[in-house]
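*Asks:* Assemble chains B and C onto chain A, guided by the hints.
Chains as they are written, first to last, in my numbering: chain A, 291 to 550; chain B, 278 to 560; chain C, 95 to 389.
Among these hints, one or two may not hold up.
[Said to hold, decoys possible] No more than 20 Å apart at the CA atoms, straight line, and that leaves these computed lysine-lysine pairs for PhoX-like: (1) K443/A / K491/A; (2) K293/C / K282/B; (3) K113/C / K408/A; (4) K437/A / K484/A; (5) K443/A / K558/B; (6) K282/B / K281/C; (7) K113/C / K557/B; (8) K530/B / K242/C; (9) K115/C / K285/B; (10) K242/C / K341/C; (11) K281/C / K285/B; (12) K484/A / K327/A; (13) K300/A / K443/A; (14) K274/C / K285/B; (15) K379/A / K115/C; (16) K530/A / K327/A; (17) K328/A / K530/A; (18) K379/A / K113/C.
In short, the hints are calculated from the structure, not lab data.
Please read these numbers as outputs of a predicted model, since none were measured by experiment.
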Amino acid sequence: MTTNTIAEVKNPILSLNDLSIAYDKNYAVKNVSVEIKKNTVTAIMGPSGCGKSTLLRALNRMHELYENITTEGEALLNGKNIYEMPAIKLRRHMGMVFQRPNPFPTMSIYDNVIAGYKLNGIRTKKVERDEIVERSLRDVALWDEVKDSLFKKGTFLSGGQQQRLCIARALAFSPEVILMDEPTSALDPIATAKIEDLLVKLKEHYTIVLVTHNMSQAARISDYSLFMYLGELVEYGKTKNMFTNPIDPRTEEYLTGKFG
Amino acid sequence: MNSDKITKAVLFSVSILILLLAAGMLYSLVGGSLPAFKTFGLRFIISGEWDPTYGREKYGALPFIVGTLITSFAALLISLPLSFSTSLFLGEYFRGTRVARILGILVDLLAGIPSIVYGLWGFYVLRPLLIDLGFGGQGFGIFTASLILAIMIIPYATSLSNEIIGMVPNDLKEAAYSLGATRLEVITTVTIPAARSGIVAGYILSFGRALGETMAVTMLIGNTNLVPDSLFDTGNTMASVIANQFGEADGLKLSSLIAIGLLLFLMTGVINAIGKLIIKKMN
Amino acid sequence: MESIDILKSQDHSSGRLLKDKLVLGAVIVLSLITISPIILIIWKLVVEGYRQISLDFLIENTPDTFEAMTAVANGELIPGGIANGIVGTLLMVILASALAIPIGILTGIYLYENQGSFMANITRDISDILQGVPSIVLGLISYLWIVKHITMGFSALAGSVSLAIMMLPMIVRSTEETLKMIPESLKEAALALGVPYHKVILRVLIPTGFSGLITGILLGISRILGETAPLMLTALGSSMINLDMTKPTSAIPLLIWEFYNDPNMVGLIWSSSLLLMAMILVLNLVSKQIVAKRR
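Chain A with its partners taken away, still in its complex shape:
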């Protein structure tokens, strides 16, 4: 098979070497090797059931929450194997944003943003907290919309605002990588456009790995793309090249809408 690993990624922030993940001995991800470049948006595409979500969740070890999972190979974050550190420590460096906006319904907007600190038992001064909350909400362009209602419940916001709140919650920790699992699939086109603009801005400071089933979204905002099929990495390259000139016939078929 033709796995196009691109040579130009130097000092990658994340490198996966021969990573395989199996549920009850059924492989959902098979021998994936990829290097992900710092300060880029990398999209993972593929038809449903191709293993793209499993791969993403393996990067912050969320896949371990459910039993009977085996992981083989390694994944390095800045050269350190993420499977050899405590999962709860790893997850501080890997923010995650989910398909549906999921702010904590019992917490205020303020408490939602600062939730990571509370959960990790990190003591902070009030000034520090205020600063983190403001910075995170500004980063997601939500500050001006909510600064007067910081102590209201986050669940009263619109879907798009809720999703930006969830991104702010992930940013509060200043993670190195943000993992996003189809973050706009539950949103309307206007809210989607706002989030997409946001991601392009966020990559100045963060590295984003994005699972999406929306090819035009991948084309619009990602720098690099992975195409997965039946658990295998079929093709990996610059998004521009992949969309104009796919190498593998399966990629071409997917991109032209023959399956998916």
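*Replies:* This is chains B and C only, laid out in the frame that chain A set:
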């Protein structure tokens, strides 16, 4: 279309029957307790005297009201750590596993054991054990009764909280995990706050159960008609005094027992209504 | 970015993981403590009760206290059985079911058909509150209604009425819950064919939800089987088999109470409880089986 109207009328009148039943119960209890309330007035509720001697009969329900509240509260407190842990076991830690299914069936069975069998077990197994452990006396009293009551109400609180805990959406828990929370932290910051009102409702309903339990309490509480002065004192609950004294009762004493029944009916009604209201608000 | 410095200076992860493990351990231990009584109770019933169980135990009436005393003095098993209790329990459970099941199912159908209407909401709330009324209070009610005014004395009918009121709300609830699970389209299909309403109920709703209704009924029966307190105030007890519902009647739990209070008969409490518990267990397991099959 005429037959449809008849069907609807039948269904409607049968439901009216339930309302009449409830109204009739209240009416009869009030009617039966009138002699007691007429004779003693408010003193019936606040007096601690229970003297059946003919000619100078005096009946006050205070010892039984106090006894009922103390045993039920104590039972609730004792059962709390047990049923709460069990609902976490069933609804969170081992949700969907074989172990949880078996444990769930056993907890359900706790609700199936008749009160009188709990009483026998309490009398012949638990009471000697308490005496051996140095709780003193004959092993009868408020504490022994509360202990057996605690076991009896566990399934009521557990089944509701386990269900509610299991309904907390997975994506909320995952959000907390993704921020680096441990399982315990997910439970304390996400699961419990989200399930809080359901858990509280479960405890309120199980408290309501404890108020009216009769046989096991009757067999263990010691059956004395004074306001208990400690947890280890003997006493009587409203239900147990009815069970105990009904056989030899007539006239004013019978009316007093019915009045205690009315008070118990109102107390459990209010407690259950509060519990159901919380559940309703949640949905 | 100063937040990273805060993170680095405060890493409590090992302590937090330890706490996580400790709590899990506590949850497991406390859960095991929770279920230990059921095992200990059943164990006690079996160990103390099995010797007395025999055919005689099922078909003979209770011995008088003198017979029992003689047997105990000679180191023999107490003769006789609890047939009067078994028959009384069956009689009262059947009577209570005959009262509660039709009313309960019809009310459940009414609630299902009138979701959200004022009357249905009130009926449902009242039924829920009835479910929480202590059984001893139901005994008092039935005493006031039946013992004092209908049968002019303690009777099986009075016992049955108190048990029926106890069972009724359970049937109402389980009927409504079962019907709610039947797809609306099924009902509409029948109505679209011009089938009269009562036939839709009898031919579509009840047969489709049959296993659910049966489950509710079995659980209701298992709840009233072991009731003692209301029967003390209504059925009173009898040392003979009685099939006249206007006369005092025994029941298994009533006998257990009598044996417990009679030092000569106390040897019979465990076997009677074992039999009662076995009946309840079987009803519970059968209804669980039906639920499992439906899924």
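*Asks:* Against each hint, give a clear statement of whether it holds in the structure.
*Replies:* Hint check:
| no. | hint | verdict |
| --- | --- | --- |
| 1 | K443/A / K491/A | violated (27 Å) |
| 2 | K293/C / K282/B | holds (13 Å) |
| 3 | K113/C / K408/A | holds (16 Å) |
| 4 | K437/A / K484/A | holds (19 Å) |
| 5 | K443/A / K558/B | holds (18 Å) |
| 6 | K282/B / K281/C | holds (17 Å) |
| 7 | K113/C / K557/B | violated (35 Å) |
| 8 | K530/B / K242/C | holds (16 Å) |
| 9 | K115/C / K285/B | violated (59 Å) |
| 10 | K242/C / K341/C | holds (13 Å) |
| 11 | K281/C / K285/B | holds (16 Å) |
| 12 | K484/A / K327/A | violated (24 Å) |
| 13 | K300/A / K443/A | violated (44 Å) |
| 14 | K274/C / K285/B | holds (18 Å) |
| 15 | K379/A / K115/C | holds (16 Å) |
| 16 | K530/A / K327/A | holds (16 Å) |
| 17 | K328/A / K530/A | holds (18 Å) |
| 18 | K379/A / K113/C | holds (15 Å) |
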